[in-house]
Amino acid sequence: MKFEIDATVRRRSGFVLEARFSCDAESLGLVGPSGSGKSTLLDAVAGIERGSRVVLNGVDCSEVPLARRNIGYLTQDALLFPHLSVRRNLSYSPRAGPVEAVARTLRIDHLLDRMPRHLSGGERRRAALARAIASRPRLLLLDEPFSGLDETRRRDAMSLLSEIRRTFQLPLVIVSHWADEIIGLTDWAVRLEEGRVVAAGPSASLLRGGEVQVDNYLKGHVTGPGRLDVGGVELVAAIPEGVGGDVRVAVYAHDILLGTREPRDLSARNVIPVTVLSAPQGGETVLLEVGPPPLRVLVTREATESLGLKSGVRAFAVLKATSFVYLGAA
Amino acid sequence: MSSIALSIMVGLVATIASLPPAVAVAWYLERSKLPGRELVQTLVMLPLVLPPVVVGYLLLRIFSPRGFLGEFLEVAGMPVAFHWLGAVVAAAVVGFPLFVLMVAQAMKAVDCRYETVSRVLGRSAWGTFWRVTLPLSWPGILSGAAIAFARGLGEFGATIVLAGRIPGETETIPLRIYAELDSPGGEARIAGPIAASILLCLACVVGARLLDRWYRKRLELDR
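Residue numbers (the numbering used here), protein chains in the order written: chain A, 11 to 340; chain B, 760 to 982.
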């Protein structure tokens, strides 16, 4: 989606947002310290704050009123209507169609007839996300969608969002304090400070650094104890005993090693022949895409250059069985 | 009709008739961005501070057969002055400020963000009011209705000026008590109306409180 944003918002508190940028990205990340104007910028894009120029895919929707802008918005609080069941929350939008498919994808199909007060915090959030998706938006805005979740739940939620982006072909704008969330889910990022854009660029190069944790989400079928079939590739992964059927696992991009010759006599249980699919330019750290199975691998610029890792090169990906985190049934 | 039955009927009709305008005015005061809100608020609150007899006199000027609305209503077959409808009008006007205040307070308590979410999801301002604001304000609206009803039951000054004291037609509980106290041996006959007054008002206040608690618990609004 092509974004052309020129947002000007003046708050009574004296805060002024003057953010101008344009980019062509599947999904966009907004980063910056607290109070830098990230949520205000989302409000401007959604149309809650008026007076900003918002052009999406060449269509100027600056004058389109809130109700007709057709943008999904998941705020930090779920804000499910407390007087309506989950099903009626999901079908609330006049644009909403049948809600069962969305509910299934978000794993809340068993909660459709419950009232919001009977849901846990995580379930409420998933239901609110389902409600936003069910309204068939052309763009989905997410304000800190994973705040307050523990590490495993956060990785689970990220895998879910990654799946949603793919399944519904939905461009996202994500506000987050976490670089790994932005890199994991978006391809372009904008950094805000004191209401102004101070940097913009590909997410992986804008947010590089030692603390970045980019996740890979894989779906596979359990073929035996600790064994998974992921798209025809057999993997050894530390998954709980007794788990069977289709499962979801996650593995960090920095936990994967790459070599151009097949390594032998390693303790790591997975040595997979892969092809480098893309190798972005620029930055000290590079996020390579390899496959199959589709994996993102975080390596230094120096390593890519000395090994000659560029698009089309055949290599071996090395993964420890214990690097996999079991997220749950698929 | 007994004064108790008449009072209940007058109170109910006045409350039901006041409900839509009270909700509309409360919404205008609490949620609309249109100008003139302070002026409207002052006008709405007038019956609360004016002496009820003055309110009754002003209503009489409007609704008497020579008043600008009274003439028209007389022709339409709906006389108000010195008619049970006069008692309804008096009860509605005097109870209106309390009704509006309570509904406005209830709307103020509704988190505006629910309304924003509704608009973002594609509902119009009217659709949002109907589907979100109104259902979430129900506890306050019901409490307001109960209080307006109780206020209507006790209405005296405006009623006696506008509707007069016609036994069986406009003689509500307070007018009956007043008349009995003024007649020899009447004190013995007011126990019933007084007990009815106290019980009805208690039922209104307690009922409103219980309804409010039940609804809040149902929605977990206090969370």
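Where hints are given, some of them may not hold.
Stated by the list, open to error - The following label-pair restraints were derived from C-beta to C-beta distances: (1) B:Trp885 - A:Asp256: 38 to 48 Å; (2) B:Leu798 - A:Val65: 38 to 48 Å; (3) B:Cys871 - A:Pro43: 44 to 54 Å.
As the list claims (entries may be wrong) - Negatives, chain A to chain B, calculated, CB over 12 Å: (4) Phe91; (5) Leu94; (6) Arg127.
Don't read these hints as lab results, they were simulated from the structure.
Backbone N, C-alpha and C fix where the C-beta goes; we use that ideal spot for every residue, glycine too.
Each hint, compared with the structure:
no. : hint                            : result
1   : B:Trp885 - A:Asp256: 38 to 48 Å : holds, 46 Å
2   : B:Leu798 - A:Val65: 38 to 48 Å  : holds, 42 Å
3   : B:Cys871 - A:Pro43: 44 to 54 Å  : violated, 27 Å
4   : Phe91                           : violated, 6 Å
5   : Leu94                           : violated, 8 Å
6   : Arg127                          : violated, 4 Å
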